[in-house]
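We have chain R; now place chain V onto it with these hints.
Protein chains in written order, with this note's numbering: chain R, 1 to 467; chain V, 468 to 919.
If you want a taste of the chain V side facing chain R, the calculated C-beta under 7 angstroms gives, among others: (1) 733; (2) 743; (3) 745; (4) 746; (5) 760; (6) 761; (7) 803; (8) 845; (9) 901; (10) 903; (11) 911; (12) 912.
Calculated cross-link-like contacts (lysine-lysine; reagent style DSSO-like; alpha-carbon spacing at most 30 angstroms): (13) R:403 x R:365; (14) V:801 x R:467; (15) V:918 x R:298; (16) R:420 x R:467; (17) V:596 x V:703; (18) R:365 x R:84; (19) R:436 x V:801; (20) V:876 x R:298; (21) R:465 x V:771; (22) R:274 x V:880.
Since the hints were derived computationally from the structure, they do not count as laboratory data. Glycine included, C-beta positions come from ideal geometry on N, C-alpha and C.
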Amino acid sequence: MMPVSGRRAAALFIILAAACRMRGADIPALLAERVRSVVAVEYFTETESERRTTVAYGTVIDDRGTIILPPGAIDGHVPPAQLKDFKVFVPGDPSNGAGTYLGQDAYTGWHFVRADEKIRERLVPVTRFAAARHAPVPVLGDEVWGIGLRPLEEDFMPYYLGSHLALVQSLPQLTGEAQQEVAGPGLPVFNRDGVLVGLGLNSGGQPYVLYSQANRGGAPVYLVDVEESSLFLLAGEVLPYLNRIPGRVDGRPLAWLGADGLAPMDRDVADFLKLGGHSGAVVSEVLEGSPAERAGMKDHDIIIAIDGSPLPVFRPTRYVTEYVDREVERRRPGDVMTLTVLRGSERLTLMATLGDQPTLIREAKRKYFDRIGFTAREFVYGDAVDRRTRVVNSAGVIVHYVKPNTPASIAGLEPDDWIKDIDGVAVRSFADAVDKLSAIEFDPLRSEFVLLVSRGGDTAVLHVKLK
Amino acid sequence: MNLSLPRSTAHLLRLLILGAAALAPVLAAAGMGRGFNQLLDSVVRIDVREVDYDGGARRFQASIGSGVLLSSDGLVLTNAHVASPRAVEITITLASLERVGARLVGWDHWTDLALLRLDMGEVRRRRLKLTHGEFGDSDRLFPGETVYAVGTPFGLTRTVTRGIISNSNRYFEDDNGVNGYETGAFNTWLQTDAAINPGNSGGPLVTEDGRIVGITSRGYLGANNLGFAIPANVAKGIVAGLVQTGTITRSYVGIVPKALQDFEGFYALALDTGMLIDSVDPGSPAARAGLLGGDVLLAINGRKVDGRFPEQLPPIQNLIASQPVGSVLVLTLKRGTRVSDASVVTERLESSMGEESVLDAWGLSVRKVSRTFARENQLPDDTGVLVIGIHPGFPADAAGIQAGDLVTKINEKPLTSIDVVNQAQAAYAAKPGPTLLETVRDRRVSLYILKP
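Chain R with its partners taken away, still in its complex shape:
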């Protein structure tokens, strides 16, 4: 440690004293201003059998009342049509305004919601508290603070959270970790001058070992704080992307490479493969008809560079796969991606022209049959991948949901079953299945029908009794 000269120590003392005075004087005022950039958002997920409420925290990003929610705030598998009644709450106020769901951005993972006019004027975009040019990068030990929100029954009352920056990691985005919780997940983090330095992430689990008389320690349990977090994305990972507001609720266009099941490698493997201090990602499967396949990629190729830049080594090393995924997600269909791959001892350069994501499961058509008791869903590309079958000759429909104690559930139908035949006749398409099932559903004289389903590579003949 360096000896501190008398003068430097004095200077340090003055700065510290100034900081203390500032904090004592300004934090309440800073908080009062900045609390107008945070909201709570409530919405319902409406499925065949239930209506589920979810509450998430969001940050206001512009004057039009646009709010970003963290990636985990809404389940990405749920079709947007099932997301209903978005409500935007201003902290500490029981009244609320309506919100509109705008969709999810693939690159940042954020969900975008827009508040209606009624509430819009009470909101202040967080960008107003951002530095004019470059977002300040906090250094270890800096004071950082943010806002937490109490639950709905306490009108989402805002409260102060403060700590100091303990660690910055690349995961693969620059992520700060404070000593204690500094913000609700999805809410902004500021430095002591009130300048935006980050956005709260979901809390990482903290390992604890439980001791009791019955349990003398053992494997640690992970406790996850769902209301507050000590992790945040640094502002430099947030501010440049606030303009990625989806144009469509389905989030399209979505770039697609089709190199599936990326697996990371540890340093021993990278050294063995002589990657010279860089990393790689193993491609488990190259998907049928994908841009990766057209570019000549093969199963088990190892991606070692993108557009000439070798893949960096992350700590933990597993973040390399997310790095590659994000490199695809930040591009657009039609963009060319140059991939250097290792195949055996050969190094190859592949030019992949990214495509458009095939229909996702959340976009698949579906129809619920109440009398039979299940939801049929269109067979999409991902279903063919999951079932290891050729996309081109896949027909049939997927069972999305089975209602308990209905003819379908009693017959043994299960979610994810792939219906191939109805009454001994092959299902050609979703529309064909809907026709056949509707005819059965609305025929009061029908007492039974037979399904042939495929499940884990086997088939099963199911006898559905309607009476």
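Coordinates of chain V only, in the frame set by chain R:
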């Protein structure tokens, strides 16, 4: 349904000797004849020490079961889940309380039967007298008939319990019921309420005259007196086959049956006709012949089949299985309104459990992927070994390999047989150095380095 695994400890051994000595007079008083006494003298206790591969290291575990002497040349019949090829030491305790070594002649997990042979050199040297039991006719059993189970429950040698035949034709199939191996597809079982406990496994189920009508195998855990035994008429055939070749070879075509029950109307069939094909194994002879799930099998080589009820399925499956491997079978099928014949050439039936090995230098125990395992798990082919155990702190553990991983390549060499794996490990043991493993788990391909 799997209570009667062999008993692991013999803490009650001291009590046994008294009981054994007192048995014969009591039975005579109960009016049971010489046949029963002779049977009692033919029931043995079996102590097995076997390799346990689960921990990533070569470990041994001991278990106890029952058995019955079948011949004066020392054949002992027991369960496959008592004595298997994993056994490294088998010790038989005769009714005379003399202990003799034995070896495995062969086993058949499908019927849960194993055949042992006493060390006859030792028997002759020690001038031991052998008494053997006789099979009865299990087809003539009727529900309600009195039967006795004899065996070594919880190590209590030569325990006799009494009950009745509860059902003489019980169907159950279990994909991993015999220490991970499949069982029950080709036979039905005798159900009895005679008390059966862990350790009874492999002992005989006998009638009052001492004839062996079944081999006690299993029971429902937690139920009251729901025990099951392999019928003697099934066992006779298996014993003959094992004596001859040490193994039972069956034919396979790849159809998964389902009882038709009240499907007849839908398929427009006469009652008591046909067996529903629930599924056709991908890549199997039946799949190649164009069979599909939902087809109805009407006849095999012109012989009509009736699979209306579950207990009628094993005989149909056995009809296929008992054909020589490579036979051509003509299957008459109904699909929709059309009836047609398909010819299939049978293959050899294979378990999903492949050969196992312990790779001590890496702290890894593995099982070869079999064709059946590959098919059941939708793998492209049977390349690779499945990791079934990891020894903490050894190279495989340090690299991050986990049980359930499928190792497909070592140093870029595909693992087409267990020998390839064993050789790679031997090379490593001789000269340890970084070794590259390719694994698949949930379809994700990962690379690992094993190093000293």
